[in-house]
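S.K.: These protein sequence lines map, in sequence, to chains A and B. Residues in the first sequence are numbered from 16 upward in steps of one, following my numbering. Residues in the second sequence are numbered from 1070 upward in steps of one, following my numbering.
Keep in mind that the hints are not guaranteed to be accurate.
Taking beta-carbon pairs under 10 Å as the criterion, some of the chain B residues facing chain A (in silico) [said to hold, decoys possible]:
no. : residue
1   : L1150
2   : F1164
3   : E1236
4   : I1278
If you are wondering where the hints come from, they were derived from the structure by calculation, not from laboratory data. Quick caveat, the model's predicted, so the values are computed rather than measured. We treat Cβ as the ideally placed atom computed from N, Cα and C, and that holds for glycine.
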Amino acid sequence: MSWGRFDTRTIVLIPIAIAINIVLGQTVSAALKIPIYLDSIGTILVGVLAGPIPGLVTGLLANLIWTYVLPAPFHSDYAAPFAIVAAEIGFVSGVLGQVGWFRSRPNADTARLVLGAAVVVIVLGLIGYYGFLPFYTNGTFTFFGDTSKTEPFFVIVGYLIGIGVVAAILGLIALLFVRRDLGVAYVAIGGLFCGIVSALISAPISAVVFGGVTGSGADLLVGAFQKAGSDLQTAVLQQGLLSDPIDKTIEFFIGFVILQTLSRRFVSRFPQGEKAVGLEQA
Amino acid sequence: MILADDLDPDDVERIRRLVPPTPSAYHRLNPLTKAVIATVGSIGAFAAGGYVGPIAVDLVMLFLAFRAGVLGQLGRVSLLLTLPIAISVVLVSVFTRAGTTILFTIGPFDATAEGVDFAAQTLVRLFAISLSIGLFVMTTDPRAFVFDLERRGVSPRVAFVAVATIEAVPTLVERAAVIGESQRARGLDTEGSIRARLRGVLPLVGPVIIGALTDVEERSLALESRAFSRPGRRHLLWAMPDRRWERWVRWALLALLVATAVARLTGRI
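Using the sequences and the accompanying hints, generate a full structural model.
M.R.: This is how it looks when you write it as structure tokens:
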């Protein structure tokens, strides 16, 4: 396990990565008002290309610079408290890049694709059924039991989570088989993991510093969960565990696609580039 | 290494002529002092909690802004930046926070006194953060801050990253505008229905990111040819003045912050 290196190429990549984070993050969360952020794509790229420590440093610096150095209109007062979350995202993508989870695995045979799809379905299903459903519906809701005693809100949330999980599974399987690229399965599991960890770290920060809201579309969810009887800490965590895995999975995919688009020669010159995209392709 | 305090009087005079005069005494403070004021203000408001601490921070920052002559600007920017998040805070906590004292009811939502109290506390805290940081950003040249940090021993590579980011963000936006126009010239629909606009996202974002990343190659070659990665310290030709009393102010503020945090944790405030 290497922690990564800061060569000149990496140092030059970091400001550009931070700029990508800030410009995309500002546009998506402020303009579209959807409960995802898309503000870590640059951090993910540095982590994958240069290693866990450069990824961590990029995330940390990105949020500190966003608050302390950058003048308006791209300045944000509220990024610095979340610097630790950004650092975690960079670190996780660095580790995953090093073990080759961002590699494209094209032309996989059907048996392996089915195996990959099965793993994704099982992981998503287990997390959804045993982790998410009880947490979001007070443990009173199952898809198969009697729902007459459960509050309507929990029934709706339960079914929405169910539909979301099924849609995510179908989408991933479609991607797997259309692209015939087993890498999709790895990226999906990685994004899910990174998202869950991010939600666990960021929820207390958001609840304690900002009263649970961040001025983005995610606030609606916090309000809804609080209305349903959760206290603030729980409501924020419930919102985060819903938004973050989706957000990080999408961001990991965008990073994955960007890595495939960049020329092999370019990628392989970064400290971890060969490991990230695979030697035979580099 | 030469500290600003050890500079020759002649050199001090020369630096004074090179650096244009700043509008106010607050602007002329060492960047680190202003950064410490901003950090202690925002973390302190949060550490003190309740109403008294954050409102005190608000008032101090507004007074400093008045002395620096940026009161109107700071008030406007701070309100503008805090407004969207403030609306969310008020709506979410007033109407959905559980509580026993119900003030009034709109549809299925009860406004509770506990919610109003919580929203008000969050708002004074958010303003304290926004005013502290806003005052710092308005009165400090980011480059001066970064170079001052480098003089104090922060790695020149970190300094490069910070300064390069200031340049990179507007460059990226400019590039996005150029690519947007050229894609439109090729017939991309960016002003139609939401579906059409969503379909336009990829042809816009893709080339922007790939193009920016491709620049890395040229830039790192350019830096290498100018001895960027040579070991040892860089000698800065320009230093921000740092006075002895400013150093005392910084340590005093940090001590105050620690004292506040300890008092809060031990339940004294």
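S.K.: Determine for every hint whether it applies to the structure shown.
M.R.: Do the hints match the structure? See the list:
1. L1150: With Cβ-Cβ at 6 Å, under 10 Å, it holds.
2. F1164: 7 Å, holds
3. E1236: At 8 Å from the nearest chain A Cβ, E1236 of chain B passes the 10 Å test, so the hint holds.
4. I1278: Given a least distance of 6 Å, the restraint on I1278 of chain B holds.
The structure agrees with every numbered hint stated previously.
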